[in-house]
Amino acid sequence: MSEERIIAYREALREAMVEEMRTDPTIFLIGEEVAEYNGAYKVSQGMLDEFGAKRVIDTPIAELGFAGISVGAAMNGLRPIVEFMTFNFALLAIDQVVNSAAKVLEMSGGQFNCPIVFRGPSGSAGQLGAQHSQMFENWYANVPGLKVISPSNPYDAKGLLKSAIRDNDPVVFMESEVMYGDKGNVPAGEYIIPIGKGDIKRSGTDVTIVSFNKMMKVALSAAEELAKENISAEVIDLRTIRPLDFPLIVESVKKTNRLVIVEESWPFGSISSEITFQVQKYAFDYLDAPIKRVTGKDVSLGYAPTLVEAYLPNVADTVKAAKSALYLV
Amino acid sequence: MAQTAPAAKATKVTSVNGKAQGSKELTFSKEIYMRWYEEMLLMRRFEEKAGQLYGQQKIRGFCHLYIGQEAVVSGTMSALEKGDKLITAYRDHAHAIACGISPNAVMAELYGKIDGSTKGKGGSMHLFSKEHNFFGGHGIVGAQIPLGAGIAFADKYLGTNNICVCFMGDGAVRQGALHETFTMAMLWKIPVVFVCENNRYGMGTAVERTTNVPDLYKIALAYDMPSAQVDGMECEKVHAAMKEAADRARNEHIPTFLEIKTYRYKGHSMSDPAKYRTREEVDEYKAKDPIEHVEHTILASNFATKADLEAIEEKIKQIVEASVQFAEASPFPDASELYKDNYMQEDYPFLMD
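So the protein lines, in turn, are chains G and E. Mind the numbering: the first sequence is residues 17 to 345 in my numbering, read in order. Mind the numbering: the second sequence is residues 31 to 383 in my numbering, read in order.
Keep in mind the hints are simulated off the structure, nothing from the lab. Source: prediction; values computed, not measured. Careful, some of the hints might be misleading.
[As the list claims (entries may be wrong)] The following label-pair restraints were derived from C-beta to C-beta distances:
| no. | chain 1 | residue 1 | chain 2 | residue 2 | range |
| --- | --- | --- | --- | --- | --- |
| 1 | G | P263 | E | Q355 | 42 to 52 Å |
| 2 | E | G206 | G | D314 | 25 to 35 Å |
| 3 | G | K70 | E | G206 | 25 to 35 Å |
| 4 | G | Y207 | E | N281 | 41 to 51 Å |
| 5 | E | G113 | G | R38 | 22 to 32 Å |
| 6 | E | Y306 | G | R38 | 29 to 39 Å |
Glycine included, each C-beta is placed from N, C-alpha and C at the ideal position.
Modelling step: build the complete structure from the supplied sequences, incorporating the hints.
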């Protein structure tokens with residue numbers, strides 16, 4: 017392990033882009049406010065100065081248009097990184113992500129691939145109301161042709177973004193507005209994290225807790241609370257949503273015999289739904305209790321602090337779910 | 031270009047939005063006329079056969095014929111240079127053939143066979159050829175517009191001298207994608223030529239029923255983009271307008287929007303009886319048939335004899351027949367092909383249950 021070096025999540029993302037852009041001139045960054053404003057969330061700070069306006073490109077507010085132009089560029093020899101100010105706004109561009117980027121390799125019989133990264137923050141970020149608080153990992157993860165990544169800390173963010181940029185398939189890379197300032201150890205040396213592999217962030221024996229993105233904080237805090245009561249929770253960080261590392265979860269459940277999934281988004285047709293199907297199929301005989309989940313509530317998220325608090329998964333609910341799986345409540 | 035043959039009649043083209051480069055007098059050689067004739071006749075006979083085969087259920091799915099619009103593609107191709115790119119929507123058979131994809135590969139694709147241009151995966155609407163710089167047939171109306179700009183963006187970024195011609199129908203100009211793309215294409219000086227093939231109907235809806243500005247070239251005025259309205263029933267006029275637009279894209283990195291007025295003789299797709307228009311209207315356009323127009327010029331200019339043209343007709347008949355034999359003989363893709371070409375990653379772990 018390299019010498020300890022503490023940097024913020026946004027800096028880790030920036031390092032990933034800068035390092036890759038230095039080695040490959042076909043990579044460029046495009047999006048709203050990425051260049052002269054230095055990024056709406058300062059992820060791209062300083063990149064215009066280093067790479068110039070040819071490779072760090074401000075766009076008008078036209079998500080569908082600049083996403084489509086980037087997909088076309090990717091079909092013709094470039095490797096775009098498309099920044100969406102948030103994935104809420106990326107819905108305007110979802111036609112180009114789903115109908116063009118994800119499908120062009122298949123439709124062209126393998127002739128045209130689309131090496132592109134669509135990245136930006138996802139999920140709630142304070143009292144932002146219903147239109148600025150959504151997570152769509154499961155939407156994109158439903159689509160063959162795409163890969164979906166949702167990292168929970170600076171180290172993972174850098175290693176996974178470098179993999180995403182080098183990948184020859186389209187990757188949807190979902191960050192978190194409230195994690196951009198999070199600090200963590202990121203070694204100075206070169207490293208990448210493979211796409212499609214989950215990570216055991218805490219080992220345990222009594223119950224498995226699976227989560228991703230900023231809900232990992234809830235999962236890990238819940239594991240701390242459970243430890244105070246001598247309950248040993250194993251916490252798995254999915255890191256990649258598609259392809260999802262089901263074998264890692266199944267193996268963990270075979271050990272703990274209990275599973276809790278913590279997910280910020282809505283319950284219907286969610287990541288937790290799919291994990292639940294896979295685990296009941298491949299670890300049915302190992303389960304000692306029904307699978308539990310703690311998700312965002314099945315409603316649009318209102319503005320008031322009381323509504324936000326009632327909506328989001330929290331540590332108490334996760335502890336309760338784990339204990340329920342252990343028949344302790 | 032050989033200039034030994036006498037030139038055909040001159041054609042006058044003028045850009046109409048006030049940014050015109052000045053009217054140009056262009057003449058075309060025998061070689062160009064013969065190329066147009068042979069290319070358009072191949073498109074026509076190929077698609078007539080495709081229409082028959084659709085009726086026999088040899089070709090399934092959606093099938094959109096281009097018959098009547100051939101001069102738009104032929105007049106474009108003769109004005110382009112090697113390495114230039116094309117992209118269009120789903121009415122794409124003629125574009126694919128003109129780019130150089132063999133009729134065998136196109137017909138096999140319409141059949142859904144493994145020797146088709148996209149291995150039976152794209153079908154009629156999604157013909158592609160990287161080798162021939164054909165960036166596809168796309169099925170979402172207007173979605174190819176930003177893609178076309180992006181293809182040209184990449185050529186400029188990489189420093190090639192090539193351009194992209196991005197085709198769309200008259201229905202597509204109502205999509206937001208067009209307006210977003212026009213903004214950025216002008217802002218970033220992308221070397222692209224946008225072509226609206228205005229065949230007067232978006233499926234069954236006449237242009238006049240979609241807008242209070244039926245002159246579609248005027249859309250470009252809001253973006254300060256050069257534009258022109260072009261007669262799409264004559265290759266000469268299409269070529270002249272395309273050459274001017276292509277030069278502007280190539281040399282000045284300025285996009286152009288060409289509204290090329292054309293007509294499809296057939297319905298929107300094979301299932302469309304086209305009851306929204308009159309027989310008289312169809313006949314009016316057939317009287318201006320682009321192939322007959324070129325044939326007339328060839329004969330009047332003594333570029334070839336009637337017997338020469340009959341020999342070409344016979345040759346094309348053989349090519350089309352051979353494409354049918356080729357498609358018939360080719361197998362359907364094996365079911366295992368389903369899991370290929372979804373990802374570049376060769377060991378992608380698909381969910382299998």
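Hints versus structure:
{"no.": "1", "hint": "G:P263 / E:Q355: 42 to 52 Å", "result": "holds (49 Å)"}
{"no.": "2", "hint": "E:G206 / G:D314: 25 to 35 Å", "result": "holds (31 Å)"}
{"no.": "3", "hint": "G:K70 / E:G206: 25 to 35 Å", "result": "holds (27 Å)"}
{"no.": "4", "hint": "G:Y207 / E:N281: 41 to 51 Å", "result": "holds (46 Å)"}
{"no.": "5", "hint": "E:G113 / G:R38: 22 to 32 Å", "result": "holds (29 Å)"}
{"no.": "6", "hint": "E:Y306 / G:R38: 29 to 39 Å", "result": "violated (58 Å)"}
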